[in-house]
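*Asks:* Turn these sequences into a full structure, and let the hints guide you.
Protein chains: 2
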Amino acid sequence: MPEPRIQAIEFAKQNYDRFLEELKAFIAIPSISTDAEQLPDIRNAANHLVKSLIDLGFEKAEVYETKGKPVVIAEKRCLKPDALTVLIYGHYDVQPVDPLDQWKSDPFKAEVRDEYLYARGCSDMKGQIWAALKAVESIQTVDKLSVNIKCIFEGEEEIGSPHLDEWIAEHTDLLSCDVVLNPDTGMLGKDIPTITYGLRGLCYFEIKLFGPQHDLHSGLFGGIIHNPANSICELIAGMHDKDGRVTLSGFYDQVIPLSDEDREQFKRLPLGDDFYREQTGVAQLWGEKGYTSAERVGARPTLDVNGIYSGFIGEGSKTIIPAWSMAKISMRLVPNQNPVEIRESFKKYINEHIPEGIRWEFKEHSSNPASLSDRNSPAVKALVKAQESVWGISPVFKREGGSVPIVLTLQKYLGVDSVLTGFGLPDDNVHAPNERLHLPTWQRGIETLIHFFYNL
Amino acid sequence: MPEPRIQAIEFAKQNYDRFLEELKAFIAIPSISTDAEQLPDIRNAANHLVKSLIDLGFEKAEVYETKGKPVVIAEKRCLKPDALTVLIYGHYDVQPVDPLDQWKSDPFKAEVRDEYLYARGCSDMKGQIWAALKAVESIQTVDKLSVNIKCIFEGEEEIGSPHLDEWIAEHTDLLSCDVVLNPDTGMLGKDIPTITYGLRGLCYFEIKLFGPQHDLHSGLFGGIIHNPANSICELIAGMHDKDGRVTLSGFYDQVIPLSDEDREQFKRLPLGDDFYREQTGVAQLWGEKGYTSAERVGARPTLDVNGIYSGFIGEGSKTIIPAWSMAKISMRLVPNQNPVEIRESFKKYINEHIPEGIRWEFKEHSSNPASLSDRNSPAVKALVKAQESVWGISPVFKREGGSVPIVLTLQKYLGVDSVLTGFGLPDDNVHAPNERLHLPTWQRGIETLIHFFYNL
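Chain order of the listed sequences is A and B. Here numbering that gives the first Met the number 0 is used: position 399 in the first sequence is 398, and no number is missing along the way. Here numbering that gives the first Met the number 0 is used: position 412 in the second sequence is 411, and no number is missing along the way.
Fair warning: there could be bad hints in the mix.
No copy labels: a pair is met if it fits in one copy or bridges any two.
[Said to hold, decoys possible] When the alpha-carbon atoms are kept at most 30 Å apart in a straight line, the in silico DSS-like pairs for lysine-lysine are as follows:
| hint | residue 1 | residue 2 |
| --- | --- | --- |
| 1 | K288 | K346 |
| 2 | K59 | K143 |
| 3 | K266 | K384 |
| 4 | K207 | K362 |
| 5 | K207 | K103 |
| 6 | K207 | K79 |
| 7 | K288 | K241 |
| 8 | K362 | K103 |
| 9 | K23 | K12 |
In short, the hints are calculated from the structure, not lab data.
*Replies:* As structure tokens, this is what we get:
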């Protein structure tokens, strides 16, 4: 008999086709959290997880109500006394699918083409949740778990988890653990196992500008009022200077300058301009002067328009001055930037630059600081060893451009660190049409997590 | 027996309710020219006009095909030898109705509330066409016409009449006349009969900017590419300087400076800032430094965004860098500005300012110069006298901010001037929700046109 760890990996290999079919069934539930109309599917996805966890032998698995979308909480204890408890974090909600006409297959009917599974949420992050659960299943089918497993799967991550913090604060007893496994960050490439130790924060705002009482004829009234469509462009344009720096007052004040060592680390990452050109399809990159692309994404704050609208955007022409305009604008923050200060600076900028005659409204969608974590904790070491076992090479440590606010929340209320990994790839088209999951990497991910649970 | 002219006016008064019901039936055809799907209704409106003209006793009344939407051509000859021929110009197409939820009644079920008729096209300009036809009917029912009447009613005015010029060039024989009556410009107020002698031209462009191949995750890629949504804002913002002047190179080079006499004329118009504040609902007006509001609208060129779009504009938040952006941008031109030069200057500006890594596309919707006409022609004098008979005061002469490109076309191919008037009011909400027509003014309009035809 081979050792149990090897048996568990063998079980995973033999059951891989079934695991994939199960994942497709999970993906088929269109649990889009942005859209209020999809609430029944959010609940269906939560219920689906509870059923799967009970089938897996979890002693507790329940849907809990929050002030927003429900969370799934589960627990499975092992027989070993004083075993560590690992909390697996995941989100079962997914991004919207528009523009739908750019999908090559139905976003909720997962389709395998070449080595990839194509569907909304396959990479971000239903596939990651499923990999973790299937690792647990593989171990316990052939052996006994030597760690306690808890799960928290939320349904509002893609809209900034507006109700999760409050719920966690009130339910710390359910969640107490030694370490969090968060597989919501990806790998830098198929052959580059990756651990993320830095995350950018996120401020996501929406502004709406109001000009005339209703759309005006641009001939009869053009030239005498400030057009709210022009005005929102002027406000946005003024948020960057010619060197690509954000102009909001104090925006960079708290940013810690990159040390020589930091810059050396960034140079070692396989994130050259060729990589980014290939990922984006953009011939000429652009960004803040004085930094490499990897530094710009990993360690510098940014400001982007995520959406903008005003007036007539249909076919043909309509000669109006629009009554109003709107824009969604988000900022990625780096460690030490304070989202509250950023918000106030943003509002101050608008107040100082809004033209007379235009009224504006503000809405905050997200407000989360960045984080940096310890690269030498026992749990991180267990993951490093697991990745080495599967890939035969050491993982790279990376700062991620995205934000995972739950990391901060769990640190704050449970006092524990998160181990950030995942088996998605940079070209998985997350948040875009034709999201996909590289299946051989996903399979290696399941095996990695089996090793990880044994290594803890 | 009172003189025939008075009898004709009496006939109009007695048949006013029927005229209004007929107008409602004409309005009920949703002949929106912007939308390709409304083509059957465009044709229905043209056919409706032909039938009405035949019922009115026109000898010829026919729908003619163009390369775009059809035109209605009609002729009614009088018995008087060497009578003048008046060509009545109108457009039977109307603006789109979005945002539909802001209409208080169905835009195509005309409803009378207080002294107004509410419906799309009632003021711009089905009501104006109907007023002219009912003036003809009133005269010929009690008397004989002493002028020949021709009509040209087009179906593409609201989209810039892209096929009309070519059609007119090929059918000058059908249209030959001594003067054009164009009732597509309005009055400055209920008690201010108005003749328009200056019109601004129009350049209407659309630009589309392409950045990454598809929407990107703003965390993973924020900071390294130029976001096409930010970029389009920067381009648009740069089109004005801080004094509200358009920055396109050479934009003002051909503009004739206002003379002291011009400025005196503008001062006499009842177009103070209070008027514009009331019309727009904007507390603080804005515009090019050094000019009054009336001058800005009447005699200065402008640039406005008519529509802009990029990325995610639904409920909630989506953290993307959009793959593309678009804007509709139009310029109102004053006499002597050359639309072809303006277009080239616009394209040059974009080419010079577009960031590397962004590709752009250009579309032209309209390209028409401005015009100024003779205030002392016999036809204008006939109209002045008609307005004096109905209102008891002399009309004001006005330069209009809007553009009526047909004036230039008919001048070019037929060698005739247009008399520009109309019975719409500045607060008729043309091109906006709740378009309306002030019915007592409309009735006076019919009477004015009866006088006008007698005065010619």
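*Asks:* Look at each hint and say if it fits the structure.
*Replies:* To see whether the hints hold, each was checked on the structure:
1. K288 x K346: Both: 25 Å inside a copy, 28 Å across copies.
2. K59 x K143: within (18 Å within a copy, 96 Å between copies)
3. K266 x K384: Classified as within; 24 Å inside a copy, 84 Å across copies.
4. K207 x K362: Answer is both; intra-copy 9 Å and inter-copy 28 Å each pass.
5. K207 x K103: Answer is between; shortest inter-copy Cα gap is 24 Å, intra-copy 34 Å.
6. K207 x K79: neither (57 Å within a copy, 63 Å between copies)
7. K288 x K241: So K288 and K241 pass the 30 Å test inside a copy (9 Å) and across (26 Å) alike.
8. K362 x K103: This pair counts as between: shortest inter-copy Cα distance 29 Å, intra-copy 35 Å.
9. K23 x K12: within (18 Å within a copy, 74 Å between copies)
Going through the hint list in order, the structure does not satisfy hint 6, though it satisfies all others.
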